[in-house]
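A.B. asks: Sequence:
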Amino acid sequence: MKIQNNLHEIESLGDDHISTSSDTPLRKDAFILNNDEKIEIISDDVRHIMETLGLDLSDDSLSGTPRRVAKMFVNEIFGGLDPKKKPKSSTFDNKYKYGEMLVEKNITVYSTCEHHLLPIVGRAHVAYISNGTVVGLSKMNRIVDYFAKRPQVQERLTIQIVKELQEVLNTQDVACVIDAKHLCVNSRGIRDIESSTVTSEFGGKFKEETVKKEFLSYIALDTKF
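The letter at position 79 of the sequence shown is residue 79 when you use our numbering, and the numbering goes up by one with no holes.
A few of these clues could be false.
[As the list claims (entries may be wrong)] Derived DSS-like pairs: lysine-lysine, alpha-carbon spacing no greater than 30 Å straight-line:
#1 Lys71 x Lys85
#2 Lys84 x Lys149
#3 Lys105 x Lys149
#4 Lys28 x Lys97
#5 Lys95 x Lys28
#6 Lys149 x Lys95
Hints are computed from structural coordinates only; laboratory data are not their basis.
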């Protein structure tokens, strides 16, 4: 009866967009299995799903799909669950005394909605104001990609990016805006192909209205090369 009640509660949420924490919900035993072991187990699970759907896995086109999907899950689209893949973000002294905000905009975001395991595709715009240290530009992209490569909700992803850069740079003056399409909205359910979702997180000086407006004006620039 308890299981049935829990299932009823889950189903009653429907397509409501819910979030529980700014930390990715991981079990304590999440890293007991190595990647090869995870791939073998997931391959069997994907095979079972496909067979349940009535697909003939003896077909040449389908026979390798379970393992391909498992490898993709573990090594690629959910690779950000592996702490060993966390980018090493070395910082450097701000020797040129650049005191204005630095903005890295239009960072490509490929993530996966944790509610339906469908893609989230969009752009992230990240900025910080140095308090004496700077980080390599590509590291900002890598941080975005690392936290995107896991089952996500966009709000959590935005917060995780800001928190990580605040820790790396030892400053609260970090901001992130993400504008993304969710295929759980665009390709199923309401099937609204035009809508996108915008989330933001502003820390430190970016909470000040003038600084926030300056950042937003930069990301609104129509950059073309």
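A.B. asks: Provide an ascending list of the numbers of those earlier hints which the structure does not satisfy.
C.D. replies: 4, 5, 6
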